[in-house]
Amino acid sequence: MNDELVRVENVSKKFCRDLKRSLHYGITDMMRAVRGLGREHQLRKDEFWAIREVSFSLKRGEIVGIIGPNGAGKTTLLRLINGLILPDQGEIHLRGRIGALIQLGAGFSPILSGRENIFVNAAILGMSKSEIQHKLEQIIEFADIGEFIDAPVQSYSSGMRARLGFAVAIHMDPDILLVDEILAVGDMIFRNKAMARMQQLAQSGMAIIFISHNLDQVDRLCNRAIFFKSGQCIADGPTRKIITRYVAACTPQVTGPQFLHHPGTEQTLWVEQVTLHDSSGQTIEQLESCAPLIIRMTFEARIDLEAPIFSFMIEAPARQIIAAIVTQNSDHLERPSFTRGRHVLETRIANLSLLPGHYTFRVSVYKQGNVEFLGRITQLADLQVIPHSKQNIISNESVFVELGSSWHAFEPCHPEAQREVKREDG
Amino acid sequence: MSDHPGIVPLEETIHTSDSNVIHPITILRSVLHNFWKSRELAWLLIVRENKQRYRQSKFGLLWVLITPLLSTLIFAFLLHKKILNIESTEIPYPIYVMLGTMLWQIFSESVTTPLKTFNTFVPIMIKINMYREAPILSGLVQVLFLMVLQLLLTGMLLAFFHGISPTILLAPLLILPLIIFGTAIGILLVPLGILYKDVGEGSNVLLRIGFLVTPIAYPAPQEWPWSLLVTLNPVVPLLQGCRDWMAKGVMSDPFAYGMTCGGTLLILMVALIFYHITIPVVLERLGA
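Going down the list, the sequences are from chains A and W.
Counting in the working numbering, the first sequence runs from 61 upward without gaps.
Counting in the working numbering, the second sequence runs from 590 upward without gaps.
Treat the hints as calculated values from the structure; they're not laboratory data.
Certain hints may be false.
[As the list claims (entries may be wrong)] Mimicking DSS-like on lysine-lysine, the simulated pairs with C-alpha atoms at most 27 Å apart in a straight line are: (1) A/K105 to W/K786; (2) A/K80 to W/K671; (3) W/K786 to W/K671; (4) A/K195 to W/K640.
[Said to hold, decoys possible] Heads up, incomplete: computed chain W residues facing chain A, CB under 10 Å, no partners named: (5) D607; (6) I717; (7) Y720; (8) R874.
Cβ coordinates follow ideal geometry from the N, Cα and C atoms, glycine included.
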């Protein structure tokens, strides 16, 4: 059976920078169309390729996240797939009903009530009247905006509009759902509900294209990602890998770590070098999961630092901080003070229980006692964690840390199961 | 559908850079198909438009009737006081002008409505892929609605001042070609009109001039070269035909009326094909 729902083949789209000229080209194109000619393939004056030779396909059950900088052509791509604009080159093949959330509440009339707008909006999206009547209660229930459903839409908050728009769109039962950065205005409850629903819809066979700048959301929701830049598809693959690539591309210097001193930090301390080592003291750039890690930082204290608190933090690809090691909490080291001048600080992590992936380090420094913030330096070092020999990779899950554990299994009546769990330290 | 993959064959769509001109008949068929498919949507859009218009209004529908009613009252007053003086027409002059003005109003409304309705839907159409025929259909229905209201009013006035025969029941059918002719011109204007505002402005000016050069408030000139105004103006046979029918129950020149009806149908087909081909090209120039 053919599971492919979307096939984008070598699609290009050009736009014009100049409005007047664009309108003029509009007439030229119109006349071409009337004469039965296709699109003009060459760039004319003031035109540029907004999308350039993009190809990919999408199967049932896939949720593809499209990430990339502003102006990369992400929304243009969705508009092409939705048929709002036609390609200048290439073809887009679609199978099934398309639901698009490119602009939330497009077609909402501010004066009409939410309930009335459901009818109009759903009809604009292509639902028949009987279908709408049949689904009205479900839509209202999903939107969950209470009594506001009978109030005019102009009294809605943007989040409420998002709820209503999303509720209508997903109840169209599309085979292909296009979602463009719409969860941004929703509150946490709605966002989680929408994400859960999209996951559920994908499992039942829908294909979803999801554009977001929230990499954490993309990471949680999508099982595949496409990195878009300057109208081109730069990378296409497993979400985590593509996010890493995108984040790396967004970092001004692509190779190696660089120290980004938080504003004001220069007056307190200046980091010169940070190196990562394995247990044998070798400098490393990659490490097996759960192996010991040593971080060594050479820095210049620009003021006298009396027993400061250093906190190394580990960042996941989408820049979330997922773990921290703090000098204050260390039993073994008596917290040193640093006089003005150069120093070396070393910390040792007995087993770095990070799952395979790409991580970066940052450090924050606080004054002792009142915990006043002194400075922060990000992008200290990059570390690639690779799986150890016995490790099964948990893929497609937003998991970064695997806690060390031991496992036992008993029958319910076994004396071990009845016994209170012994305290490890007792 | 999504629960039974493979059982119900999925509808296939292809967006391509190739021209969508296949064959005029194929295009016409898909236009008609789209009209049929968008009927519910068009209706909802009309309801929405009217709800929007009248929710912030106390008098509501009355406004549609007030303008023609007032103008007729003023007009009757002027004539009664002998302020206006015009040579006699075959039909009593006030009736002649009243019917002519009403018919011209319906025609000019048909010309301007497609572009006007389309413009109100541009913000939605550039964000949602809906049937592009829906605004045309909803505009047409609104013009028809206007026609019915105008006819009711005029019918009452006619009955009161002039007397009517049952033949007037055919009037809506006879006005239809006038509306279709206007709408066809209006549809032809849409693609260019959404790119350049000049088209809308220009057509308003032309319609105002058209009101003056069409024998509406004066009898049709017979001597050359002024008779050209009548022979070259395709609105005249349609308008005259309806006016004759409503006032006298017969048409003075049914042949001209019939010929123009035929031409109207042709223009309508050309307009629909042109619209179908050009709208997707033009719409994307309007951006998001």
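| field | Hints breached by this structure | value | When the structure is compared with the hints, numbers 2 and 3 turn out to be violated.
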